[in-house]
Amino acid sequence: MIDALKIAALVFVAGVLQASVFSGADLLGGTPDVLLLALLGVSLQRGAVAGAAAGFLGGLVLDVATLQSLGVSSLLLTLVGYWAGRFGEATSGERRYVPLASVLAATVFVALGGYLLHFMLGANLVAERALVATLLPGLGLNLLVGVPVLAGCRTLLRPHERGERSGEVSLVG
Amino acid sequence: MPRNRTEKVAVLGSSVRRSAAGKASSRSNSPLRRRLIVAVLVFAALALITVSFREGTGGPLHDAQGAGAKALHPFEIAANRVAQPFQDAWGWFDGLLGARSEAERLREQAEQLRQQVIQNESALQENVRLRALLGYLDGPTFPRDYSGVAAAVIARPPSAFEQQIVVAAGARRGIRLNAPVVTADGLVGQVTRVTDDAAQVTLLTDTSSAVSALDLRTGAAGIVRHGAGAGDTLVLDRVAKDEVVNVGDEVVTAGWRSGGLASLYPKGVPVGRVTSVGQTDTDLYKQVQIAPYADFGSLDAVLVLVSRKPPPTLP
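These protein sequence lines are chains A and B, in that order.
The first sequence: position 16 = 16 (the numbering used here), numbered continuously.
In the numbering used here, each residue carries its 1-based index in the second sequence increased by 173.
Check the hints yourself; a few may be wrong.
[Unchecked claim] Output of the computed footprint for chain B on chain A, the stretches with three or more beta carbons under 8 Å from beta carbons of chain B:
| no. | segment |
| --- | --- |
| 1 | 1-9 |
| 2 | 21-27 |
| 3 | 43-53 |
| 4 | 64-71 |
Worth flagging that the hints you see were computed from the coordinates, not collected in a lab.
Note that the coordinates shown come from a computational prediction; the quantities given were computed from them, not determined experimentally.
Where is the CB? At the ideal position from N, CA and C, for every residue including glycine.
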């Protein structure tokens with residue numbers, strides 16, 4: 001229960017920060033997506049179900065805060081959270097490339113998926129601006145900002161020491 | 174020899190112990206249950222999209238969203254206040270880089286403007302006298318016939334797909350749908366959604382935005398909309414080839430009125446400066462690019478214009 005509250009609080013704070021601060025931060029032509037990064041942090045630590053639920057909540061916070069059409073961000077982030085959770089579970093977190101690859105894949109998926117979704121909903125989009133001009137700087141920034149954000153998520157969602165020890169398996173002999 | 178088995182999670186290169194809670198939760202989630210939960214969430218998101226698009230702006234879902242946005246206001250304002258010093262520091266360092274060349278350019282511009290102000294003052298007095306002689310009746314003009322509601326920007330475009338911001342003032346402050354929004358620099362956009370305490374502003378850089386405008390010097394009329402390229406560049410579209418537009422000309426809103434239709438924007442709001450003019454044999458109109466006066470990337474506060482007098486009705 002406490003774990004769920006921690007995840008909800010993390011996603012809520014990330015969503016509010018993304019809507020009010022980071023979306024307006026134009027760094028080298030792109031904007032970092034801390035909500036996406038926080039979601040990846042949750043998904044890699046807690047698995048697919050928690051990732052999907054966190055994605056839905058984060059998308060809802062973002063859409064409400066920015067008065068956008070409800071459900072669009074939720075749909076994208078739910079799928080990202082689920083995929084990242086499964087990816088983390090399938091690779092057992094053993095490989096060092098997992099977080100890096102998940103940031104890369106999730107950023108590209110959100111850009112392409114968002115473009116497709118908005119296009120299907122009738123938005124008149126400029127593909128160059130939505131995909132080329134902002135995706136590459138955004139990708140670089142996400143990789144850069146991903147280091148502290150994912151480390152922060154890992155620290156926040158770290159279980160108590162006693163629980164960790166009791167969860168380990170010791171083979172005798 | 175006892176052996177401890179631990180799993181590792183890599184976080185951009187650093188390896189850590191995988192949480193026991195995470196393992197336990199993932200084990201307890203059977204594939205069927207996991208897929209069911211995700212399916213429910215995806216279905217809920219699709220349902221939200223459908224209802225959000227189908228119902229009107231006064232529907233229960235939009236009302237709930239408005240209430241949610243109101244509840245989020247204090248958090249957004251707090252986040253903005255915390256981030257403001259950092260944004261200011263970044264802006265200060267960023268400004269330092271081009272300060273010398275900028276100062277030189279502004280000095281030259283100030284000299285030109287000083288001469289222009291004297292000419293304008295003379296023309297203004299003449300204009301007032303002539304209007305009085307003719308008994309000239311005009312529609313609402315900016316800024317004389319509008320009062321401004323100053324509002325902080327509390328949410329910015331969440332992705333490159335949206336070009337809307339949210340401001341911390343709504344219907345309670347007199348803001349109405351389609352109200353024009355400006356900054357000290359120039360036109361920003363128009364209000365496209367209003368709740369009691371917040372309003373959504375669609376920026377000029379949105380592909381759905383279009384403003385009738387004219388070249389202040391030559392009077393060439395056209396429609397300002399976002400250009401096909403990336404960035405904040407705007408274009409002055411539908412300018413006939415026989416019209417004259419020069420690089421450096423100022424573009425302002427036209428504020429036209431035709432039949433029962435009227436422009437949503439008042440006359441005379443600065444939009445931007447012409448940066449390039451071209452035309453081809455195959456195109457029906459001139460290709461005019463405009464650099465907007467407003468800096469859409471760093472909008473912290475805006476002025477929502479509320480008309481002091483209702484627009485004149487036609488007989």
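Against the structure, the hints:
no.	hint	verdict
1	1-9	violated (count 1)
2	21-27	holds (count 5)
3	43-53	holds (count 9)
4	64-71	holds (count 8)
Comparing the model with each numbered hint stated earlier shows that hint 1 is the single one that does not hold.
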